[in-house]
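Asks: Sequence:
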Amino acid sequence: MCMKENLIHYRTCVCNINYHMVWSVKYRRKILNQEIEEYLQKLVQQIAEDKGFTVHLFECGEGDHVHCFVSAPPKLSITAIVKYLKGITGRKLFERFPEIRNQLWKGELWNHSYYVETVGSVSEKNIRRYIEHQSKSY
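Residue numbers (the UniProt record's numbering): 1 to 138.
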C-alpha cells in the first residue's frame with residue numbers, strides 16, 4: 001500500500017486532505033449559464049489562491065448547482081472553505097450580474113446547505129490493514 005501519493009508538504013505537516021463539495025442556487029433556479037459559470041470558475045480559483053487551498057475541478061450542473069474538488073491544509077476547516085466560496089462568489093455574482101436578483105429573493109444566491117464528502121487516495125480497508133499490521137517493538 002502506497003500512502004505517499006499526492007502528499008502536500010507544509011511547514012509543520014504533510015497531508016493529503018481532499019473534499020468533494022456541492023451546493024445549489026437558492027430555490028434551484030437555473031441561473032448558472034455559460035457566461036456566469038466562466039466568471040464563477042475564475043472567482044473560485046482566485047478565492048482558493050487567496051485563502052490557501054486548491055480547486056482541482058469545478059463544474060456547474062444543470063444550471064442550478066456547483067461541484068468542486070478541493071485540496072486543503074488541515075488549518076482550514078471545510079466550513080471555512082464553503083463560507084469563503086459561497087459568500088464571496090454570491091456577493092461578486094450579484095455585483096457583476098444584477099439581473100439574477102430578479103429570479104431570487106432576499107438577496108441570497110446560494111442555498112444555505114451544502115454537501116461535502118472527504119476523498120482519499122487510500123481506502124478505509126487499506127488504512128485499517130496498515131495500522132493493524134504495524135510491528136510492536138516492546
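Hints listed in this document are in silico derivations from the structure and should not be mistaken for laboratory results.
Warning: the hint list may mix true and false statements.
Unchecked claim - Pairs of lysine to aspartate or glutamate residues, derived as DMTMM-like cross-links and limited to a Cα-Cα distance of at most 25 Å, are as follows:
id	residue 1	residue 2
1	K75	E117
2	K106	E37
3	K92	E59
4	K125	E99
5	K92	E62
6	K86	E124
7	K42	E124
8	K106	D50
9	K86	E62
10	K51	E117
11	K30	E132
12	K26	E117
13	K26	E108
14	K30	D50
15	K30	E124
16	K51	E108
17	K30	E59
18	K83	E132
19	K92	D64
20	K86	E49
21	K75	E62
22	K26	E132
Asks: For each hint, tell me whether it holds in the structure or not.
Replies: The hints, checked one at a time:
1. Using a Cα cut-off of 25 Å, the hinted pair K75 and E117 holds, with the two alpha carbons roughly 18 Å apart.
2. A C-alpha spacing of about 22 Å is found between K106 and E37, which places the hinted pair at or below 25 Å, so the restraint holds.
3. Between K92 and E59 the alpha-carbon distance is near 18 Å, which keeps this suggested pair within the 25 Å criterion.
4. For the suggested pair K125 and E99, the alpha carbons sit about 50 Å apart, so the restraint of at most 25 Å is broken.
5. Restraint check: the Cα-Cα separation between K92 and E62 comes to about 21 Å, which is no more than 25 Å; the hinted pair holds.
6. Taking the CA atoms of K86 and E124, the gap is about 30 Å. The hint is violated against a cut of 25 Å.
7. Only pairs whose Cα atoms come within 25 Å are accepted, and K42 paired with E124 is rejected, the gap being roughly 34 Å.
8. For the suggested pair K106 and D50, the alpha carbons sit about 28 Å apart, so the restraint of at most 25 Å is broken.
9. For the suggested pair K86 and E62, the alpha carbons sit about 18 Å apart, so the restraint of at most 25 Å is met.
10. For the proposed pair K51 and E117, the alpha carbon gap of about 20 Å is at most 25 Å, so the pair holds.
11. As the CA atoms of K30 and E132 are separated by approximately 49 Å, the hinted pair breaks the 25 Å bound.
12. At most 25 Å may separate the alpha-carbon atoms for a hinted pair to count; K26 and E117 meet this at roughly 21 Å.
13. For the proposed pair K26 and E108, the alpha carbon gap of about 7 Å is at most 25 Å, so the pair holds.
14. Straight-line distance between C-alpha atoms of K30 and D50 comes to about 28 Å, which puts the hinted pair past the 25 Å bound.
15. This hinted pair does not check out: K30 and E124 have alpha carbons roughly 37 Å apart, beyond 25 Å.
16. Between the alpha carbons of K51 and E108 the distance comes to roughly 23 Å, so the proposed pair stays at or under 25 Å and holds.
17. Between the alpha carbons of K30 and E59 the distance comes to roughly 14 Å, so the proposed pair stays at or under 25 Å and holds.
18. Taken as a hint, the K83 and E132 pair is broken in the structure, with Cα atoms around 38 Å apart against an allowance of 25 Å.
19. Of the supplied pair hints, the one linking K92 and D64 holds, its CA atoms being roughly 17 Å apart against a limit of 25 Å.
20. Among the hinted pairs, K86 with E49 is consistent with the structure: their alpha-carbon atoms are about 15 Å apart, no more than 25 Å.
21. Note on K75 and E62: the hinted pairing is violated, with a Cα-Cα distance of about 33 Å set against a maximum of 25 Å.
22. At most 25 Å may separate the alpha-carbon atoms for a hinted pair to count; K26 and E132 exceed this at roughly 46 Å.
Of the numbered hints stated above, those contradicted by the structure are hints 4, 6, 7, 8, 11, 14, 15, 18, 21, 22, listed in ascending order.
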